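J.: Please work from the sequences and hints to get the whole structure.
Line by line, the protein sequences are chains A and B. Take the first sequence: its letters are residues 1 to 142, numbered as in the numbering used here. Take the second sequence: its letters are residues 1 to 399, numbered as in the numbering used here.
Source of the hints: derived by calculation from the structure; they are not laboratory data. Remember, predicted model here, so these are calculated numbers, not experimental data. Accuracy of the hints is not assured; some may be wrong.
[Unchecked claim] Below, a list of computed lysine to aspartate or glutamate pairs in the DMTMM-like style, where the Cα atoms sit at most 20 Å apart: (1) B:173 <-> A:110; (2) B:173 <-> A:107; (3) B:135 <-> A:3.
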Amino acid sequence: MRDDYPKPAPSEGDAPFWEWCQRHELRIQRCDDCGAFRFHPRPRCPECQSARYQWTPVSGSATVASFTICHPPVLPAYADRVPYNAVVVQLAEGPFMVSNLVDVDNDAIEVGMPVEVTFVEIDEELTIPQFRPATVSQSAAR
Amino acid sequence: MNSTDIVHERAAIAGIGQTAYAKNLGRTELDLACEAIVAACDDAGFPVADIDGISCYSMEQVTEVALITTLGIKNVSYMAGTPSGGGGAASVVGLAALAVASGQADSVIAFRSRNRSKAASYGADPLQGGRPWAKAGTRLSDWRQWHHPFGVAAPVQEMALIARRHMALFGTKAEHFGMQAVAQRFHASRNPNAIMRNAITLDEWRESRPIAEPIRLPDCSLENDGALAVLVTTPERARDLRQPPVYFLAQAQGGGPIHVGLADYFRTSASWDERDHAGRHIAKQLFARAGVTPDDVDVAMFFDHFTMAIPLSLEQYGFCPLGEGGPMIESGATRWPDGSLPVNTHGGSNGEAFIHGVNDTPEAVRQLRGTSTCQAEGAEIALVTGAITDPSGAILLRR
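T.: This is the structure:
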């Protein structure tokens, strides 16, 4: 991987997200008091203001809320993959997340597509959650 | 007028001033700000040293102290900053009006200075010159860690994701953004201060480079240098100065999420429903206090980092129902001279210049003075807004 790839250097509060990704597990904060999931990480629940939470596993099922196809690389690190897609997905648990889709042609992407998480190792330091079209069984289960 | 806002009949715009807008002026932001402030005072016939308040974006790099010491301002009684880039475009002026209306200051300068062209002289500074996302580095501890590893780093990509959502929900077409781009480039072609003087056709828009689909190059704000300033004073003093005063009807602000945190923007704002998020929240307060309705507005300057902001702003500020912003553009309503609500008659951020939208207020003032190069006939009331995708604010002005 290019050495100019932009990587998280997370604070204490943000680091668990990336550490769980490193283990190929998608976990986000869930409020101990009202049960709401939230993303990105933050010290309080925006639904009930509670400071108590757990890093909780989520299903990895999501739908595409929006997408774009990026043409000129706005950072040099993106140059070798243009044109590429970027998406906002909504996790089955509610929160939204910026990511990318894999295993799909850019011109086949649609808002509302069911997708599921897959972990992509950028290098030994960084693994990111990306999404691929959901398998039939998971789509049917929803 | 039945405005109940504190700024009504207690504050007026007496002067506007600006530098040239260009791709690379080769001057510091302080130097540009001073030129714009002196020009605004000259426009009004007002002594620079008598400025007693300063209002700007909280991200502004030219400090109050630098202005006071460079321009020989005797002292100031009021200093204020407004959050976000783009969102505060109208609020820098709104804060100045609040200070004057409440008696905290008599004559407040609101300004913005930017040295942001790609080749700007001060490009090594992390906040001046060039593109901030290109200087963020490879170790990200702020919000950028949730976007950059996925290839989303520039505002154009964030706005593309917001625009596509609007298209999916309401049937808005990318060509609606293109039609607004064409209208604004036509407006710019008549504005001698605009950077882009050549009008374009919709076919040329269709053939232009996609940047982040659905957004194409002519939809994007320019990357340029320039500064402008607006002098706000009491109506009594304004009436003794050189220009016909432009009065405030109301000012209002609103919070909410921002495009650089797309997870939160989508959580609360990307359904554009009846929830009270930034634009709708501002519009409710603004029109209620001003005692007027969108039908009373003759001309609007909507903040337009990208032309996709225009349909969203038309809807959130109540000029059309939700989802009708695109068709309203297609009807020609936003295009001077025949449109019912000419929008961004200076050419906006893709035509005149991108000075973080603060250059929208001087154009509203020119409209109400009757001196715009795309003059809306008989314009009496003008709306100026901040970014629809940021913590934001708006002002309503009358002649």
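J.: Hint by hint, which ones does this structure get wrong, listed from lowest number up?
T.: none
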